[in-house]
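**Q** One-letter residues, chain by chain:
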Amino acid sequence: MKILCVYRHKVSKENEDIKKIVEKIKAKGHEVVEFDLFAAKTDDDFDRLIDLIWEADKTISWW
Amino acid sequence: MSKDPDKLGIFVTSPVHINELLKIVEAAYRKGKKVKIFYTYKATHLTYHPIFETIRKMVPEEDLAICVAAYSCEGYEPEYHNQGLTEKQMRTQAYHGELIEEVGKYLVL
Amino acid sequence: MSYKVCFLIANRIYISDGLRSALGLAVENMYSYSYIFYQKMPAKSEYMEENLAWIRDMEGEVYAVTETMDEETKKFNLEDWELVEATLDDVVEKILECDLVVGYGLPAQKVQAPPQCA
Chain A
1 MKILCVYRHK VSKENEDIKK IVEKIKAKGH EVVEFDLFAA KTDDDFDRLI
51 DLIWEADKTI SWW
Chain B
64 MSKDPDKLGI FVTSPVHINE LLKIVEAAYR KGKKVKIFYT YKATHLTYHP
114 IFETIRKMVP EEDLAICVAA YSCEGYEPEY HNQGLTEKQM RTQAYHGELI
164 EEVGKYLVL
Chain C
173 MSYKVCFLIA NRIYISDGLR SALGLAVENM YSYSYIFYQK MPAKSEYMEE
223 NLAWIRDMEG EVYAVTETMD EETKKFNLED WELVEATLDD VVEKILECDL
273 VVGYGLPAQK VQAPPQCA
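In the order they appear, the protein sequences are chains A, B and C. At position 46 of the first sequence (counting the first as 1) the number is 46 in the numbering used here, and the numbers step up by one without a gap. Take any residue in the second sequence, note its place counting from 1, add 63, and you have its number in the numbering used here. Take any residue in the third sequence, note its place counting from 1, add 172, and you have its number in the numbering used here.
Here chain A stands alone, though its shape is the one from the complex:
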């Protein structure tokens, strides 16, 4: 499964428990793609987010 992890805040990207969860998902053989929403600024960034959402089987948007 291809899973998109969207980080809404910088603190979510740095959160140790979220890191553990993401690593465990990867360890089960799933592909994880990450998107830093907190750092997204340009239209290109948001176009990429839309592409990633449609490419992913599932999107997890972290607090």
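Hints in this document: simulated from the structure, not taken from any laboratory. Take the hints with a grain of salt, since some may be wrong.
[Said to hold, decoys possible] Here are the simulated DMTMM-like pairs of lysine to aspartate or glutamate, each with C-alpha atoms no more than 25 Å apart in a straight line:
{"id": "1", "chain 1": "B", "residue 1": "Lys70", "chain 2": "C", "residue 2": "Glu239"}
{"id": "2", "chain 1": "A", "residue 1": "Lys58", "chain 2": "B", "residue 2": "Glu89"}
{"id": "3", "chain 1": "B", "residue 1": "Lys151", "chain 2": "C", "residue 2": "Glu200"}
{"id": "4", "chain 1": "A", "residue 1": "Lys20", "chain 2": "C", "residue 2": "Asp242"}
{"id": "5", "chain 1": "A", "residue 1": "Lys20", "chain 2": "C", "residue 2": "Glu257"}
{"id": "6", "chain 1": "A", "residue 1": "Lys58", "chain 2": "B", "residue 2": "Asp69"}
{"id": "7", "chain 1": "A", "residue 1": "Lys13", "chain 2": "C", "residue 2": "Glu254"}
{"id": "8", "chain 1": "A", "residue 1": "Lys58", "chain 2": "C", "residue 2": "Asp242"}
{"id": "9", "chain 1": "B", "residue 1": "Lys96", "chain 2": "C", "residue 2": "Asp271"}
{"id": "10", "chain 1": "C", "residue 1": "Lys282", "chain 2": "A", "residue 2": "Asp17"}
{"id": "11", "chain 1": "B", "residue 1": "Lys66", "chain 2": "B", "residue 2": "Glu165"}
{"id": "12", "chain 1": "B", "residue 1": "Lys97", "chain 2": "A", "residue 2": "Glu14"}
{"id": "13", "chain 1": "A", "residue 1": "Lys28", "chain 2": "C", "residue 2": "Asp262"}
{"id": "14", "chain 1": "A", "residue 1": "Lys28", "chain 2": "C", "residue 2": "Asp271"}
{"id": "15", "chain 1": "C", "residue 1": "Lys176", "chain 2": "A", "residue 2": "Asp57"}
{"id": "16", "chain 1": "A", "residue 1": "Lys13", "chain 2": "C", "residue 2": "Glu239"}
Knowing the structure of chain A, use the given hints to seat chains B and C on it.
**A** Then chains B and C, alone, in the frame of chain A:
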């Protein structure tokens, strides 16, 4: 309502991501996609953000709603503080269920 | 199709409403699971107790991710609220099993809520 694979459902729980929400809606439209948006709880305060009206005008009436129970809980009077929202856009959490049934992709803010 | 949805809730102020939202999907015939991270559940109330009972009646569940909680929080959530204990591994399993994942509300606060929040 049948499933629309080209529609992105956006469940807005965060009261601090209205700029990103607008950017996402614009990007979705650029990509030929549609959106359906439901604001709940603290995110219903966004009705008073200037960008809220921009988004409301971009999205068909049936594809944007706020949780009216949350709005009331947050102290607003839905009839008076409607901010241009119609009766059809003052909804319950059942709208979230409809959104999930209808959209091809789903994002939480 | 009966969707499976899991709510992940980290911020104290969003717990009650996150569970209300989870119940909203349960009554729409979706499987609704909620995971509380870090924080104490709100003070007991008849409204919240009914919501939890209703979620369970609809084959949903509310879990406490206890490895993210201090002892007092863990005790309150497990004993007073009778939340089901869950590990991060359980969260991973449920994320993979569910059709949709809802990261509800804001991140956890680093500081405890001041008394003025009561």
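**Q** Take the hints in turn and mark each one as holding or not.
**A** Checked hints:
1. Of the pairs offered as hints, the one joining Lys70 of chain B and Glu239 of chain C is violated, with about 37 Å between alpha carbons and a cut-off of 25 Å exceeded.
2. At roughly 22 Å between alpha-carbon atoms, Lys58 of chain A and Glu89 of chain B fall within 25 Å of each other, so this suggested pair holds.
3. Taking the CA atoms of Lys151 of chain B and Glu200 of chain C, the gap is near 19 Å; set against the 25 Å cutoff, the hint holds.
4. Among the hinted pairs, Lys20 of chain A with Asp242 of chain C is consistent with the structure: their alpha-carbon atoms are about 18 Å apart, no more than 25 Å.
5. Between Lys20 of chain A and Glu257 of chain C the alpha-carbon distance is near 18 Å, which keeps this suggested pair within the 25 Å criterion.
6. Taken as a hint, the Lys58 of chain A and Asp69 of chain B pair is honoured in the structure, with Cα atoms around 15 Å apart against an allowance of 25 Å.
7. This hinted pair does not check out: Lys13 of chain A and Glu254 of chain C have alpha carbons roughly 31 Å apart, beyond 25 Å.
8. With a C-alpha separation of about 31 Å, the suggested pair Lys58 of chain A and Asp242 of chain C falls outside the 25 Å cut-off, and the hint is violated.
9. The straight-line distance between the Cα atoms of Lys96 of chain B and Asp271 of chain C is roughly 21 Å, inside the 25 Å bound, and the hint therefore holds.
10. Restraint check for Lys282 of chain C and Asp17 of chain A: satisfied, since their Cα atoms lie roughly 14 Å apart, inside the 25 Å limit.
11. Annotation: proposed proximity of Lys66 of chain B to Glu165 of chain B holds, straight-line Cα distance about 5 Å (limit 25 Å).
12. Our distance criterion of 25 Å between C-alpha atoms is broken by Lys97 of chain B and Glu14 of chain A, whose separation comes to about 32 Å.
13. About 13 Å separates the Cα atoms of Lys28 of chain A and Asp262 of chain C, which keeps this hinted pair within 25 Å; it holds.
14. Between the alpha carbons of Lys28 of chain A and Asp271 of chain C the distance comes to roughly 17 Å, so the proposed pair stays at or under 25 Å and holds.
15. Only pairs whose Cα atoms come within 25 Å are accepted, and Lys176 of chain C paired with Asp57 of chain A is accepted, the gap being roughly 14 Å.
16. Restraint check for Lys13 of chain A and Glu239 of chain C: satisfied, since their Cα atoms lie roughly 19 Å apart, inside the 25 Å limit.
Hints 1, 7, 8, 12, counting from the list given before, are not met by this structure.
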